[in-house]
Amino acid sequence: MQPFRVHTGLVVPLDRANVDTDAIIPKQFLKSIKRSGFGPNLFDEWRYLDHGEPGMNNAKRPLNVDFVLNAPRYQGASILLARRNFGCGSSREHAPWALYDYGFRALIAPSYADIFHNNCYKNGLLPIVLQESEVDRLFADTAAFPGFKLTIDLERQTVATVDGALAYGFAIDPSRKHRLLNGLDDIGLTLQHAEAIRAFEAKRLADNPWL
Amino acid sequence: MARTLYDKLWDSHVVREEPDGTALLYIDRHLVHEVTSPQAYEGLKLAGRKPWRVASVVATADHNTPTKDWDKGIADPISRTQVETLDANIREFGAKAYFPFLDRRQGIVHVIGPEQGATLPGMTVVCGDSHTSTHGAFAALAFGIGTSEVEHVLATQCLMMKKARSMLVRCDGRLPAGVTSKDLVLAVIGKIGTAGGTGYAIEFGGDAVRALSMEARMTMCNMAIEAGARSGLVGVDERTLDYVRGRTFAPTGERWDRAEAQWRTLVSDPDAVFDATVVIDAATLAPQVTWGTSPEMVTSVEGCVPDPEKERDSTRRDDMVRALAYMGLVPNTPMTAVHIDKVFIGSCTNSRIEDLRAAAAVARGRRVARNVKLAMVVPGSGLVKKQAEAEGLDAIFRDAGFEWREPGCSMCLAMNDDRLEPGERCASTSNRNFEGRQGAGGRTHLVSPAMAAAAAIAGHFVDVRRLH
Ligand code: SF4
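Sequences listed follow chains A and B, in order.
Numbering of the first sequence is given in numbering that gives the first Met the number 0, commencing with residue 0 and proceeding in unit increments.
Numbering of the second sequence is given in numbering that gives the first Met the number 0, commencing with residue 0 and proceeding in unit increments.
FYI, nobody ran anything at the bench for these hints, they're computed from the structure.
Be careful, since some hints might not be right.
[To be verified] Below are the BS3-like pairs computed for lysine-lysine, each with C-alpha atoms no more than 30 Å apart in a straight line: (1) B:K385 - B:K372; (2) A:K33 - B:K49; (3) A:K176 - B:K7; (4) B:K95 - A:K202; (5) A:K176 - B:K162; (6) B:K161 - A:K176; (7) B:K44 - A:K33; (8) B:K162 - B:K372; (9) A:K33 - B:K67; (10) B:K67 - B:K385; (11) B:K7 - A:K202; (12) B:K162 - A:K202; (13) B:K190 - B:K67; (14) B:K7 - A:K33; (15) A:K202 - B:K190; (16) A:K148 - A:K176; (17) B:K71 - A:K33.
Keep in mind it's a predicted model, so treat the numbers as computed, not measured.
Could you build the full structure based on these sequences and the hints that come with them?
Structure follows, in structure tokens:
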């Protein structure tokens, strides 16, 4: 996993609540046995006018020009601004894979669904929670100022405009922060406790032999 | 100190804990299916790792498998590759049990876990699938995980996580006749919202839940995730024990006695304190139907399509307008005036024998309405199918004009050939009515099995209690 320290990027606003993972990456793309290549099919049903299937040449498909990701001013965006309960529904990790593959490095929303939220961290995608009022303000500013960018500083736990005029703090678990900052592999970390796991397991199986 | 059921399950699985509360939680049962596991096994291979405890793994292929013409195999080459990849991974890495495509015990992972006794009280159960919450009906701490976590559990038998808060959803009274646990859980979601349970483990309690069968409890826990909670739970009682006794992987003899004694403690202490409590009066509920594109967009079958004009919250109003446009519905239309094109009876929410019995009881001696293009019944597993056929349910469905299919996820998520065409409207016993869930442009209304069968017969939604 790539470490996440400071990121400055263009912000794209997705003004809907309860965006589910079926919408983020529709099921037909879940047939892949790879982890990469999902970016072109991110938000497939909203992004294109035709029905997408794996193996299509996405560059030739008709775009839905009304969908915000297709607007010229948001090309190259790497920060997704969203509404509450983003990522609800299916546990598919293909959702954060698709967001990352598209080029997103961070998300900002008032709340996320639990499994999705967790899956983001595993893939170096930072899901930032801000207050509803702060998110409202960012939606307004993104609309008002073409080319609106934000700088996210994980060490300091801040989201700020590039000129520093507006800055919000955000919360994050210390252990998640540590892992993201250093790009640490969870499995490697857990296996440092292999002895403790083995001891726990031996006792558990002795007490519950039907397991 | 008095503890909730969730506290007990959590405490008994913590291997170690960081100062910030992040725990290493031991996992007893790992259910695996073809869609969310290939990248995990590949990760394992690339790192040169082996599964920590093969005996914890129970696997099946369900999401991509076809529901008819099994003799012809899987036509879609990409789906076939995914199923064959699972075959190969299980061959290479092993499992306690594997129910591959075509096995007579194959089925939806959340149906076969309990059916085989692979889900037992007191376990931690995980699967790369959000509806793993289903298994909480057995007082098991069960929750869905992403693929990175699937790999993590394979490699370490543990998960790194923080304890959730606890919520009691107390369902008082008794459900009226014709009103099921599906209606009850839809009403709960309607009340607390799809994010109402986010960050919580929900325990379902109260007289209405105690009176439910295990299958009906599974339906409720299954949909805990639709209320935002990763886990749903029901405490152990006689019904739990009766269901588990005699199942393939359940303990027997002296081991059963020991297990039973332990399992009986898997209830919340009487004076345990929950972080939140929600109370629902089950006795006053009517059958529920969703009208929108989120499970919280639900109303009684006696109600009407809501009017966004009356919604004060602007984000909510926008959501409603968008949902009604997608669903092709006009505000204030009575739900019973909404006609349907297809009916799907199946999914891990409602495809067990009891669900099929309830639907068959409605279908018996009647005919599917002419405007209904397809009404399909997809049993949750090969064993459910066999049981239903032994009871003659397949004949009842076929005589009424329903299609009787092979087990699998089918049109719950439409990864195989079973899907809605754009604009088609479906009465479905599944769990998600998101845009495109059952096929691009498809319109899903979530209902109970009896209500789905009644809609098939009437051609539109109808209060099953008033079907003559
Ligand atoms: S039946 Fe539907 S919800 Fe259940 S596991 Fe299959 S796809 Fe998921």
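Is the Cα-Cα distance between K161 (chain B) and K176 (chain A) 30 Å or less?
Cα-Cα ~14 Å, so holds.
Holds or violated: K67 (chain B) and K385 (chain B), Cα atoms, limit 30 Å.
holds (15 Å)
Quickly compare the C-alpha distance for K202 (chain A) and K190 (chain B) to 30 Å and report which way the hint goes.
violated (43 Å)
Below or equal to 30 Å on CA atoms is what counts here, so check K44 (chain B) against K33 (chain A).
holds (13 Å)
Does the alpha-carbon distance linking K7 (chain B) and K202 (chain A) stay inside the 30 Å limit?
holds (17 Å)
Is K176 (chain A) within 30 Å of K7 (chain B), Cα to Cα?
Given that 30 Å is the threshold and the Cα spacing comes to 29 Å, the pair holds.
Would the pair K176 (chain A) and K162 (chain B) pass a check requiring their Cα atoms to be no farther apart than 30 Å?
holds (18 Å)
Within 30 Å, alpha carbon to alpha carbon, are K33 (chain A) and K49 (chain B)?
holds (20 Å)
Verify the proposed pairing of K71 (chain B) with K33 (chain A), using a straight-line Cα cut of 30 Å.
Holds, at roughly 26 Å.
For a C-alpha distance cap of 30 Å, please report whether K162 (chain B) and K202 (chain A) respect it.
holds (22 Å)
Keeping to a limit of 30 Å between CA atoms, is the pair of K148 (chain A) and K176 (chain A) held or broken?
holds (23 Å)
Can the restraint linking K33 (chain A) and K67 (chain B) be considered satisfied, given a maximum Cα separation of 30 Å?
Holds. K33 (chain A) to K67 (chain B) sits at ~28 Å (cutoff 30 Å).
When the structure is compared with the earlier hints, violations turn up for hints 8, 13, 14 and 15 and for no others.
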